[in-house]
Amino acid sequence: MYQYSDQDQQLLLERVAQFRGQVARRLKGELSEEEFKHQRLRNGLYLQLHAYMLRVAIPYGLLSSDQMRTLAHIARKYDKGYGHFSTRQNIQYNWPKLEDVPDILDDLAKVEMHAIQTSGNCIRNTTSDPLASVARDELEDPRPYCELIRQWSTFHPEFNFLPRKFKIAVSGATQDRAAVAVHDIGLRLIKNETSGENGFEVYVGGGLGRTPMIGKVIRSFLPKEDMLTYLEAILRVYNTLGRRDNIYKARIKILVHETGEDKFRELVEAEWEKIKAGGLYLKDEDFAWVKGFFKDPDYELLPDNDTEFENLLLSNTDFARWVDKNIELHKQSGYRIVYLSLKTAHQPPGDVTADQMDAIADLADKYSLSQIRTTHRQNLVLSDVKLQDLPALWEELKALDLATPNYNHVTDIISCPGLDYCALATARSIPISQAITERFDNYDFINDLGDVSINISGCINACGHHHVANIGILGVNKKGTEVYQLTLGGSAREDAAIGKIIGPAFEADEIVDAVEKVLSVYLENREDPEETFLMTYRRLGQAFFKERLYG
Amino acid sequence: MALQVYTASLLKEGLVAYLTLDNNLPSWTTDIHQATAAIDDSLEALKKAAEQSEQDNIVVAPYAIDVIKTDSGIIAATKREQIRATGPTIELPQENIRVSRKAA
Ligand code: HEM
Ligand code: SF4
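Residue numbers (my numbering), protein chains in the order written: chain A, 4 to 554; chain B, 18 to 121.
With the rest of the complex left out, here is chain A (with noise of 0.2 Å):
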């Protein structure tokens, strides 16, 4: 991974030593709130329902052991014990306090993280593909590219005070891991038939909220060595053009709906024909130098089987099934990916207690390279264990509880912190993810339903990417009272869609068999196990399940 050079570093203990000056001088009284809180949202920290919440940045996902550690420590020594993996692949601490934000931030320093653009109107951390380098569907590995933009991106001066956040996701796979359709830009590695060069198709204007949006696709091709004098030339239409008069019309997806695709385009082109050829374009030995931190690790050379592993697959039903649903194959033979599933009745989705993150490091170090990913569906994932490897990590992850067989399946949620942690929310979402957890905690059931996405938000803007899942739940405030929108036919994959709100909403005790029925009408109509959710939902349309939901 990217290893900070000298400069770096020093660039950020001194953002660590001025936000200790601004600190130490709000506690004395010499800033006002107002004054403060620029500064303090600069470095990822929000004022919430209960205390203050700061987001560290795990740039495109991706930990080292060590850096994990030091998550685990700043839990336990200034939080109550645990963090929150959100669907930007960051981390959040729920009760920091303010004194010791400082002190926090030093750690983090140490092992060359920050909170550094977690928030406030600039260009967001960038987030990726978390099998990035190890899938079998990938083009080309995503990281470089996310660490050229994060290098450009973080303060530069002409971004830094945009008319809202920007988020970019980068993805290089066939298969969209990384959510590219609804964010502000997404990335996707391509192939140039002609010339046989990789590069990108480019989406703009993604994005959830108030106003959900697929990307637009404002470049079927574009050059690598474009990248950034690219991503500089919207970033600059956008710094321009966008509204600033009304917060919920100033994201991007707002700028080119209503200028529209093709004359957004032209602006985008005409600014990029000014500096395409200036000092942001990408060079060989750029690419040669930021792909020298992103080498393949010198893998053993294995055969892709293995006589114990075999033999427990036969013999453990429990271990059949956590290979069958957390387990991918991986570009190296003799090698596998393992999903550690952060979803469990016994933990809100994302939460991990600082204890576990230690055991995570130490089995990182032992079986992966040192190595972990944290994924947007809130998941992480040791990406490098041998097949030989597979039952003893089984062992230590069920002893962490983290090996509940369910990913990308139904009880695999996301869920934003809601109303039990956060200021804008207006309703709960974590208790209903709970909810609906334990009734189908059945591997039976689970296994028969396959690949299901379920996502709840507590508020309009979207946290929790109810808008792309194939089935949503917006947690709203009816009259003092929480209800639930269901919203049936998302996706957040190559087939990027909105989902639709099928009907009324249901209140807190009536939310989980509104879901369980909408499984039942799938499963009564699909045409056979291979047919999933999504499909059956396309194929027999929105009025279809809404009939027998509310008939």
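Hints are computed from structural coordinates only; laboratory data are not their basis.
Watch out, some of these pointers could steer you wrong.
For lysine-lysine, the following DSS-like pairs were computed, each having C-alpha atoms within a straight-line distance of at most 27 Å [as the list claims (entries may be wrong)]:
| hint | chain 1 | residue 1 | chain 2 | residue 2 |
| --- | --- | --- | --- | --- |
| 1 | B | 29 | A | 482 |
| 2 | A | 503 | A | 252 |
| 3 | A | 252 | A | 40 |
| 4 | A | 168 | A | 389 |
| 5 | A | 227 | A | 266 |
| 6 | B | 29 | A | 113 |
| 7 | A | 298 | A | 219 |
| 8 | A | 401 | A | 294 |
| 9 | A | 80 | B | 29 |
| 10 | A | 31 | B | 96 |
| 11 | A | 40 | B | 86 |
| 12 | A | 481 | A | 252 |
| 13 | A | 80 | A | 113 |
| 14 | A | 482 | B | 86 |
| 15 | A | 298 | A | 334 |
| 16 | A | 31 | B | 64 |
| 17 | B | 29 | A | 31 |
| 18 | A | 100 | B | 86 |
| 19 | A | 31 | A | 80 |
| 20 | A | 83 | B | 96 |
| 21 | B | 96 | B | 64 |
| 22 | A | 482 | B | 65 |
| 23 | A | 482 | A | 503 |
| 24 | A | 40 | A | 168 |
| 25 | A | 170 | A | 279 |
| 26 | B | 96 | A | 298 |
| 27 | B | 64 | A | 83 |
| 28 | A | 520 | A | 503 |
| 29 | B | 64 | B | 86 |
| 30 | A | 40 | B | 64 |
| 31 | A | 100 | B | 96 |
| 32 | A | 481 | B | 96 |
| 33 | A | 168 | A | 279 |
| 34 | B | 86 | A | 481 |
Fair warning: this is a prediction, and the values are worked out from it, not measured in the lab.
Position chain B with the ligands against the provided structure of chain A, taking the given hints into account.
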């Protein structure tokens, strides 16, 4: 008007706090039961004290909320404020509950 108390976030800790006036001496408590509730004109004293505490950098963003008197004490009127008063309604993840970590 309804019965109200003043609430805010403690500057240092960020925690939710409620204003108590004891012989006109203000203090902030994280326990809503100890908050001083007032109605109509007598709210003015609470408001003044809350604003003073904000200026003194003890609390951030004070505001009044509706409360209800019950047999077991004051409770907030809205769901949001009830959750603010008593913390997340879910069990927080606990260390050492299901984790058995081998000694290094
Ligand atoms: C708990 C404090 C949080 C606050 C105050 C907050 C605030 C917001 C707001 C205001 C929006 C709408 C912004 C807009 O459309 O311009 C939003 C959207 C979003 N937030 Fe959060 N959020 C919180 C937590 C989270 C968490 C835990 C995540 C996961 C990392 C998250 C990820 C997102 C995503 C993915 C969107 C929608 C996608 C988009 O259009 O950008 N947020 N959030
Ligand atoms: S969706 Fe709403 S409730 Fe959920 S975290 Fe985002 S802002 Fe808070």
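Could you work out which earlier hints the structure fails to respect and list their numbers in ascending sequence?
Hints 1, 4, 7, 8, 10, 11, 18, 22, 26, 27 not satisfied by this model.
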